[in-house]
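Those protein sequence lines, which keep their order, are chains P and F. Position 3 (the first sequence) corresponds to 3 in this note's numbering; numbering is contiguous. In this note's numbering, each residue carries its 1-based index in the second sequence increased by 1000.
The set of hints was computed from the structure by calculation and includes no laboratory data. Please note that a few of the clues may not be correct.
Partner residues aside, some chain F positions facing chain P, computed with beta carbon under 8 angstroms [claimed, not checked]: (1) Ile-1111; (2) Ala-1129; (3) Val-1189; (4) Ile-1196; (5) Phe-1198; (6) Val-1235; (7) Arg-1299.
Now the in silico label distances, taken between C-beta atoms and shown as ranges [claimed, not checked]: (8) Ala-1094(F) / Ser-95(P): 42 to 50 angstroms; (9) Asn-1093(F) / Tyr-322(P): 54 to 62 angstroms; (10) Asp-1105(F) / Ser-95(P): 40 to 48 angstroms; (11) Ala-60(P) / Met-1127(F): 30 to 38 angstroms; (12) Glu-198(P) / Glu-1180(F): 54 to 62 angstroms; (13) Lys-1260(F) / Glu-198(P): 54 to 62 angstroms; (14) Lys-1083(F) / Glu-198(P): 39 to 47 angstroms; (15) Val-1231(F) / Ser-95(P): 51 to 59 angstroms.
Ideal placement from N, C-alpha and C gives every residue a C-beta, glycine not left out.
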Amino acid sequence: MRIKPWYMLLMILILAGAATWVDLPGQAADPLGLKKGITIHEGLDLQGGLQVVLQARPPAGVTVNNDALLGTRDTIARRVNGLGVSEPLIQTRGSDQIIVELPGVKDPESAVTILQQTALLEVIDPQGQFLPEGTVVNTDRGPATDSEAAAASSSPAASGSPAPAASPAASESATQPSASPAATGPTYTTIVTGADLEDAYPATDNVGALVVGFKFKPDPGKKLQEFTRQNIGKPLSIVVDKKVINTATIQEAFGQTGQISGMTVDEVNALVLQLKSGALAVPLEVVQSRTVGPTLGSDSIDKSLIAGIVGLSVVALFMILYYRFPGVLAVVALLIYTALVFALFKLIPVVLTVAGITAFILSIGMAVDANVLIFSRLKEELRLGHNIRRAVEAGFDHAWPSIRDSNISTMITAVILYWFGKYTGASIIQGFALTLFIGVGISMFTAITVTRTLLRVFLTSSIFHNRWWYGIESSPTSPAQSSSTSIGTAD
Amino acid sequence: MLNIVGRRYWWFLISLIIILPGMFSLVTHGLRLSIDFTGGTLWELQMSQPVQPGEIKAVLADHGYDDSLVQTTEDNGLMIRMKELKEGSPEKNAIASDLKGKFGDFKELRIESVGPTLGNEIRNRAMIAVFFASIGILAYIAYAFRNTKNPFLYGTAAIIAMLHDVAIVVGIFSILGWVEGVEIDSLFVTALLTVIGFSVHDTIVVFDRIRENLGRRAGRTFEQTVNYSVVQTMVRSLNTSLTVIFTLLALYLLGGETIKYFVLALLIGIVAGTYSSIFNASQIVVVWHNREIHRFLARLRGQSQSSVTA
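Just chain F, same shape as in the assembly (with noise of 0.2 angstroms):
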């Protein structure tokens, strides 16, 4: 039978690998915010003829809006990120007829904005939401585990996998953002959530075998009845990530260019979950069982106390 449980550090270490670069990211550019979050306009525009960027951005900042983003898009089209500018305010009607007198008419595809105390309310519920999603999921498989010797241990575990999942996902489009110019809005949060209950999905799946395993006693160790339970689910997790990701691939590829990021982040955080469900969820609990941190620190300071004494 393929030892998959065995290999635990070499699991832990490929996780590593994929998350440091992203993390790096984080720490040294962050994420680049949307408006949902800062507040500003989102301006889309379909020109009559094409513009370019800067002639957009010189009208813009004749009436005071300086810092503008403007990208062009297919057919004509104008990606404008800038300070709020209101819905029908004498402002937007003042830029809109300078517009139309210096590159024609266009069409207005859309406009978004958000104030910038809104924006920060937002940011905050976006953390509040992941915050008692993480709670909720930790509370409900304590319940489902109440039979097993250790009930927060795969709850815990589970959440160390969902947050190896999130992290994932974050530093992808950490690195995204500063690349690409890919922006974290309101959708991404949605993405990230349903990122959470998917991960979480997997994993008790493969808890749930364990619980069972352990029930019948399948194996010689708790090591080796983790493997069994995690080699029984294995074909499972991966036909069930598959058909998932042949209908997000089709989305993401068929698609519109409105969700083409959120299902880009559904995407990786599923492949993610799926990793961690297979390879690190269930090699956390033989860690944690197996005291084999614990273990490993008493073994450091063992070492540090011979070789002061040496």
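Just chain P, with the same shape it has in the complex (with noise of 0.2 angstroms):
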């Protein structure tokens, strides 16, 4: 079934509206706040930050595991939550990597010595008090440092989570939100610390549920099950970083060996990832890293878009000069397909880099090669004295294999690049890719659907039938009879 052109038309219109409506930049017409939260996503050359890539340097004869370097992540996640950094990204690369991306951080130098600080894991004695998740300790293995109490005064979760427990010392906390808890709250004991730990597992508990596993090292695990039997029925802390990651209450006395129930599937796994990578203490070093300063991105950005804007007009004066009527057209698409692109990279979101600027504008003229081919062809099919509707869609449909095996092979170039971008720890090049990829792929949708309609839809004025419009001069028969011959021909 073919669609009629008019009603194809409105598609694409209201398509084009409804990208135009995303691209309009803050929360201009959007009544109905549907837009909150979808912003540009600029990279790091951009707006200035800092890019590290850490990499695990276990000591000689252990090896990092992947749930360990997961814990590690999660780990350095919640240092980064007390940076102050709107869009971090921490992930793992390979076994023993990780990248974190800091975009606008004030201060490169004290992030990178914050990030790369050895996690230590201990278990504490919480002298009664059923302290929440998140709450900043001291120890007696040494106090909360500044970066951690900063760390912990500006993190939602310390600030945020009730305390529920009963005990006065708790309600107190409640009352009077953590803001600096680590300067004035009292030294907590430690009664094992993660080099004591022997491994953590998921586990089920004698009724099916799921549990957090665990095992420790023998001396250690008599000092805990000493610790355990005389406080049955009192709650025990996990500390990492002097942040509080759990607290349990004591059902029974155990040793070496021990579980953690309550709690649910993801919950016991992050516990887990948690009580490896801290059994590890696995110190990071810095092996690239990459600071950018804003003054250098605003200056790009500038550039690039009037870079952009140039290019684009000169695109489009040669167009419309070259194939006339089916240029204005092209030009048309093109808007439509700038307008598309800019919405997909903001509802995806795409990280903008002046190398995927760069491979944006570049996509526009892949754009424009769609069009050039058909256009091309439509020109030979009105050489050979077809009338124009005929030549239009002969033209289309000659060009289409051209059209889809040219851009598939960028396409495969694109995915390629996608990969040697992880591994450079660039967002930069990732960023590139991923702009060609989607570049080209809405490029093709346009080439064939819009421009299509248009002509098409143009098509059903006769006015629209006469061959100059097509840049074909040398007509072998005067416009009004070439009009009247198609007719003739066509049906």
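Mind docking these for me? Both chains are given alone in their own frames, and the hints should help you get the complex.
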């Protein structure tokens, strides 16, 4: 079934309108607040910031397994939360590396120092209090440092979580938001540390519920057994970086092995990762870092934008002068293309980088290519003496295999580039690859659907059957005759 | 009609003339690799007053960073290339405070450091990426041309044309490396992979036309059919390349300093890609189809045999 060109045009206009609406900056024309949270994500090279690749350097004989690496990543993510960076990116790479990107971070030097700290896992005696998750504590292994306290004060977990316990000390901390509890709070006793832990694993208890199982080394195990036997019914807290990550009530005495129950699947998995990385306490080394000042960034984005507008205008002029009427339609299709791609960037979201802008501008060239292919075909068909309506359809049908094959080869390279970008640790290259991929994909749609629909719609009027519009001067017949012959041969 | 395919060996000669100096430079001077591949630190500063590079080098040498490279850029800017100096390390703080003491306050525009092991890793990944891009494209072309007599013929010709473009870009950047001090970084590899995609993109359009015209029996001989297809698609190739070249030129002239050589690599690659798709790729198909190399070698062998007997 062929959809009537007018309906198709309506759909394209709705799509283009929606895309333009998404493109509008800020909360413009958005009474329902649907666009909340949809913003342009600027890469490091545009807004400045810090990118670090951290390499785990475990002591000789110890290997970093995936769980320990994930646990370390979570620890870093918790520290980053305190730095006030709006869109941090923390991910593992390969078997022993972690990439951290902190766009717009104010003080990159101290950020690196904070990231690099080796996490210390402690099991503490909370002195009968049920310390809520996120509480910053001092232990007898040393007080919380300034950066940790600062991290805690701005972290939502610390100020937002209610204290469920009923002990007087805890209710006090509930009324007074724990702004800087580390400075004033008591010093808790550390029973065992991560170094004493042998393993942690998800397990099931005797009623089949998912629990966190753990195993300590023999000597520290005895210490723990001693403590738990004396404190049945009282809480026990697990602390990483002086911040409470879990508090549980001691049900019965346990020694070398034990389990923590009463958590959801996600919580169990997160705690296992934490314990495992705490047991390893992997030192991290910075193997790659990139700091871009904000001055360099704003310079590049302005320049790229101007270059983009100039480039686009020259292309538009060229298309109109060379291909005339179809050229105008191609420029309209190009504008719709630009609106669609930009809207997708905002929705996905794609991180915008200088290289990404280059890819976008490059993809405009490739988007034009599809139209050039079609119009060249269209001209050929017209020269062969076909009427315009047939020439348009034949032009599109014959140009399609070339458009498809050539764009797929570009998409193959874009996919490989994305993979390469992942290993260079630069979101810049990944942004380029993703932009190129989206650009080429959308360009196939706009070239085929949008330009074709526009041509079909305009061809319903006989004004546009004049061959001059299509850049064919040496028409064998006069315009009036050609339009009358076209009626004769078309049907 | 223009006889583009008939003069094929002239086109090959022109390509050779352009490629050879670059290849010569590549053998004698190699490529100037950036810290992305070698490891090290790139530190860009903006000083509050004009400073001589030599003075900065002396300060760096005091801290044990003796073989550093210091260049001045616009607005009292400094570009320093040195051994790995880690962000947030005590060494960096010491150098920074020393510089501040001697030359006044400065703004840190960017600092990039890469450890030596990671540099090696990135270099390997870059080569693997180029290799897999070639294989992926070869496989796709062989699939797209599966109905022709020899699908791999087209894939191979497209890959040779692509290697031609890569050779030109790499060669010119090798020359730029020792003449202008231009470095090869991961962005360059990105440009190279994009050129590969574009080159094949252009070539495929011509091959598609050959495939179509072969089906129609448009020319009397294979060579005529190919020539006809090249001429038919030439205007389109030039127009498309022109639009891309317009946008890239705008970026090169107006865009930021950080992507200047990235855009230049793309520009050179796309011009080379347009040339190879019109003047080389289809011609290689004809050379292969007519078994011209085979016949040439046979003739050579025949001559040498006859000279022995004479």
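Go through the numbered hints given earlier and state which of them the structure violates, listing their numbers in rising order. 7 and 8
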